[in-house]
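2 protein chains.
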Amino acid sequence: MSTIENQITLHIIKLLKEGKKDQFQTVIDEYQPYDIAKIYENLPEKHHTRFLIYLTADQIADLIQELEHDFQLEVLGKLGVEKSGEVMNLMDNDDLASLLENLSPSRIEELLSGMKIEESQIVKDIMNYPPETAGRLMTNRFVWIPQYYSVREAVDKLKSFAEYSETINYLYVIDDHKKLVGVVSYRDIILAEETEKIEDIMFSRVISVTADTDQEEVARFIERYDFIAIPVVENEILVGIITVDDIIDVVISEATEDIEKLSATGKAIDFDTKAIVAAYRRLPWLILLLFIGIVSGTIISQFEETLEKVVALAFFMPMIAGMTGNTGTQSLAVVVRGLITKEVNKKIITQLVIRELKVGIFIGVVCGILITIIALIWRGDAILGLVVGSSLVITLIIGTLAGTIIPLILYRFNIDPAVASGPLITTLNDILSLLIYFGLATMFLAQLT
Amino acid sequence: MSTIENQITLHIIKLLKEGKKDQFQTVIDEYQPYDIAKIYENLPEKHHTRFLIYLTADQIADLIQELEHDFQLEVLGKLGVEKSGEVMNLMDNDDLASLLENLSPSRIEELLSGMKIEESQIVKDIMNYPPETAGRLMTNRFVWIPQYYSVREAVDKLKSFAEYSETINYLYVIDDHKKLVGVVSYRDIILAEETEKIEDIMFSRVISVTADTDQEEVARFIERYDFIAIPVVENEILVGIITVDDIIDVVISEATEDIEKLSATGKAIDFDTKAIVAAYRRLPWLILLLFIGIVSGTIISQFEETLEKVVALAFFMPMIAGMTGNTGTQSLAVVVRGLITKEVNKKIITQLVIRELKVGIFIGVVCGILITIIALIWRGDAILGLVVGSSLVITLIIGTLAGTIIPLILYRFNIDPAVASGPLITTLNDILSLLIYFGLATMFLAQLT
Numbered sequence: 001m002s003t004i005e006n007q008i009t010l011h012i013i014k015l016l017k018e019g020k021k022d023q024f025q026t027v028i029d030e031y032q033p034y035d036i037a038k039i040y041e042n043l044p045e046k047h048h049t050r051f052l053i054y055l056t057a058d059q060i061a062d063l064i065q066e067l068e069h070d071f072q073l074e075v076l077g078k079l080g081v082e083k084s085g086e087v088m089n090l091m092d093n094d095d096l097a098s099l100l101e102n103l104s105p106s107r108i109e110e111l112l113s114g115m116k117i118e119e120s121q122i123v124k125d126i127m128n129y130p131p132e133t134a135g136r137l138m139t140n141r142f143v144w145i146p147q148y149y150s151v152r153e154a155v156d157k158l159k160s161f162a163e164y165s166e167t168i169n170y171l172y173v174i175d176d177h178k179k180l181v182g183v184v185s186y187r188d189i190i191l192a193e194e195t196e197k198i199e200d201i202m203f204s205r206v207i208s209v210t211a212d213t214d215q216e217e218v219a220r221f222i223e224r225y226d227f228i229a230i231p232v233v234e235n236e237i238l239v240g241i242i243t244v245d246d247i248i249d250v251v252i253s254e255a256t257e258d259i260e261k262l263s264a265t266g267k268a269i270d271f272d273t274k275a276i277v278a279a280y281r282r283l284p285w286l287i288l289l290l291f292i293g294i295v296s297g298t299i300i301s302q303f304e305e306t307l308e309k310v311v312a313l314a315f316f317m318p319m320i321a322g323m324t325g326n327t328g329t330q331s332l333a334v335v336v337r338g339l340i341t342k343e344v345n346k347k348i349i350t351q352l353v354i355r356e357l358k359v360g361i362f363i364g365v366v367c368g369i370l371i372t373i374i375a376l377i378w379r380g381d382a383i384l385g386l387v388v389g390s391s392l393v394i395t396l397i398i399g400t401l402a403g404t405i406i407p408l409i410l411y412r413f414n415i416d417p418a419v420a421s422g423p424l425i426t427t428l429n430d431i432l433s434l435l436i437y438f439g440l441a442t443m444f445l446a447q448l449t
Numbered sequence: 001m002s003t004i005e006n007q008i009t010l011h012i013i014k015l016l017k018e019g020k021k022d023q024f025q026t027v028i029d030e031y032q033p034y035d036i037a038k039i040y041e042n043l044p045e046k047h048h049t050r051f052l053i054y055l056t057a058d059q060i061a062d063l064i065q066e067l068e069h070d071f072q073l074e075v076l077g078k079l080g081v082e083k084s085g086e087v088m089n090l091m092d093n094d095d096l097a098s099l100l101e102n103l104s105p106s107r108i109e110e111l112l113s114g115m116k117i118e119e120s121q122i123v124k125d126i127m128n129y130p131p132e133t134a135g136r137l138m139t140n141r142f143v144w145i146p147q148y149y150s151v152r153e154a155v156d157k158l159k160s161f162a163e164y165s166e167t168i169n170y171l172y173v174i175d176d177h178k179k180l181v182g183v184v185s186y187r188d189i190i191l192a193e194e195t196e197k198i199e200d201i202m203f204s205r206v207i208s209v210t211a212d213t214d215q216e217e218v219a220r221f222i223e224r225y226d227f228i229a230i231p232v233v234e235n236e237i238l239v240g241i242i243t244v245d246d247i248i249d250v251v252i253s254e255a256t257e258d259i260e261k262l263s264a265t266g267k268a269i270d271f272d273t274k275a276i277v278a279a280y281r282r283l284p285w286l287i288l289l290l291f292i293g294i295v296s297g298t299i300i301s302q303f304e305e306t307l308e309k310v311v312a313l314a315f316f317m318p319m320i321a322g323m324t325g326n327t328g329t330q331s332l333a334v335v336v337r338g339l340i341t342k343e344v345n346k347k348i349i350t351q352l353v354i355r356e357l358k359v360g361i362f363i364g365v366v367c368g369i370l371i372t373i374i375a376l377i378w379r380g381d382a383i384l385g386l387v388v389g390s391s392l393v394i395t396l397i398i399g400t401l402a403g404t405i406i407p408l409i410l411y412r413f414n415i416d417p418a419v420a421s422g423p424l425i426t427t428l429n430d431i432l433s434l435l436i437y438f439g440l441a442t443m444f445l446a447q448l449t
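These protein sequence lines are chains A and B, in that order. In this text, residue positions in the first sequence follow the working numbering: the first is 1, and each later residue adds one. In this text, residue positions in the second sequence follow the working numbering: the first is 1, and each later residue adds one.
Looking at chain A on its own, in the form it has when it is part of the complex (with noise of 0.2 Å):
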């Protein structure tokens, strides 16, 4: 906490003791949902409660909303169900949904029973959405209009529904049968003449995304179009809309995700996760690994005789392996990156196949030659030199080739081309490496000394 944030916790403190719920608004209505979820969060816990007695309804939701996921639980539990109820019914539907996701179905069915029946059954048929989809991502929180209206009707609609517009910028266009068809915004809204009808300065070329696509693909949308909002349908007829500020936060987590898997982290370990858990999830990946790693071991416990006559060949180990799975990463990281951008064809997967093969013979030529002087140099032995040059050529031009077709081969196949994690590449390579290492230098050893 800053000097600041202290300042005003203390401030905040203060006006709770004495009672002042005036004074406590007018500070409060300086600030955005963010910074009052974190003054509630820094505030020690016994005066959670009149805080949030201080706050109207409409305050607890949009605080809800930023709060860390186990403080959204207590202020549930503090509110009781029916006034939590009436919080429930204010808020964005799939922030509700997500923060109940993780509860019991016991607790859910309790906490749902507080709203009303409509709002519960919009949060029900959200939760009902796969994972990871449009679905999960939408709101009802909008207002649509019929096309016949006329752009003074549009406005006396917005008025009315005014709490449903806050952070929407277009009305959405249905017709007779509920089907979308056309978008107006704020600004159209705002340009026209009263008399106007709306089926005729609306945008009648609206993109949708259905409520099962997915949400990496709901994102690619947005980003390709510059919307700050799209509209999510089923069977045409409008359901809902995702806004921009959710998809930030898709693309933010689907980068967590790539990350996390090409770092074989496991998933979901935030700075909050406790050490225990951490542990649980990072240690699958680890024991895979140890076992992978078994099987290098018995791969180099064949050459053991190879090593015997010339324990030197270990020297080199660690680098070959090393660079194989490094360059190997290079790649990996690039295709897992490009997936993301572009939409492939064979063309493009050719090219970029035919590319890497170039990469991996360059960068395999320069340090091959590289590694030979130095080892030559060091050891003062040409044929180990070669052994270890020749093999670092062969293995990274192989390392660079698998770190582009693994991840590749799997997006083919619908699998998340990122799960070819980093580590797995680097053990594969680190096994290739050392077999092809070790097979050249028994082919060469009765030239070593």
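Rather than coming from a laboratory, the hints here were simulated on the basis of the structure. Mixed in with the good hints there might be a few duds.
Since the list gives no way to pick out one identical chain from another, each pair is judged satisfied if it fits inside one copy or across any two copies.
Stated by the list, open to error - Here are the simulated DSSO-like pairs of lysine-lysine, each with C-alpha atoms no more than 27 Å apart in a straight line:
1. K197 with K159
2. K46 with K347
3. K274 with K347
4. K157 with K197
5. K116 with K83
6. K46 with K346
Assemble chain B onto chain A, guided by the hints.
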């Protein structure tokens, strides 16, 4: 290209060949700029000139912002200085600035000479801000109003600057000294009475950034407060605004940068990068790793005697080095991603380091026991098993801590923590693990068979 895209392209070619400009416009009208850009890029080059002739300057300005860089330059070249000046006047200044930044100074001067002086001056100003700052991302395509305006006057100004208000949803309010004092959303305008004063309905606690704010910081604001635009000020004077669509691009490119650094890919390699360029960008890291690999080799060579006596030690080398490297990468990924969304202070850092220490001990003990048992069964040698197992315990703890502390130290000194890239941490951990492993082995050598 899909079949549908093929059909559209063929249809467009037909219209261009037959000179049907009106029908061409009808078709183009149905698409978003991104789609028009894809059509242009798919079109054989010989049709490009007429395609551009058939578009209005406004449409070309939209199109150019969505094209790949090479095509952007092609379009400017085909238009000639005068027409391209007209188009550039209509482009978002920030997009134009990033289009121009890699061109030669003389070419920039030539292109800017076709623009209105005041517009070209703004573009030059933007290009003078350091890369990756708010100044580089801001646009002047917004509408400002004085605070004493009535809603009616605001609407009139909005109508006369209609083309400046396309993508934004706010009017920015300034005082007599051009200082930013408030913001009014289009929704506020619609909901208000015509006679109301802007200063009475505006939101006056505007959150803004300065032109030299880092773009990651700007993204954090937008993400935190769910804004769709944020004003940029210099000495409290409004100089531009940044829109959420640019922020999505920032979030994507920052995540890609993190992945590039974690995997030491080298900067800016995508599917279109030429093989020789990609190899050249990747080589520096690989050569650095090669030399670090030599250090590993030198360390092992210090234990040549130990290794000669117990060649089996080599079997477990890749496993120990690999696992230590991996646990370091896991910790690194958690820290790097955590720093993006969290503000850190001493308390959080201490907690994190202690957490990771516990994680290290936990996974160290589990994996250590496992490998001791495996080594014992495999090699039938209890001492070897204990050496391997206890090495793994120690190296996993150290590896986990190194992956946590090193990026935090870098962060503390304002160095991007992701530059402590995966491979660097891996290699460092390689060296540490070899020292510990062979150190322990040498100590217990008398007992090893």
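Right, here's what the structure says about each hint:
| no. | hint | verdict |
| --- | --- | --- |
| 1 | K197 with K159 | both (18 Å within a copy, 18 Å between copies) |
| 2 | K46 with K347 | between (64 Å within a copy, 22 Å between copies) |
| 3 | K274 with K347 | between (47 Å within a copy, 15 Å between copies) |
| 4 | K157 with K197 | both (14 Å within a copy, 23 Å between copies) |
| 5 | K116 with K83 | within (12 Å within a copy, 59 Å between copies) |
| 6 | K46 with K346 | between (62 Å within a copy, 25 Å between copies) |
Checked against the numbered hints listed earlier, the structure breaks none of them; every hint is satisfied.
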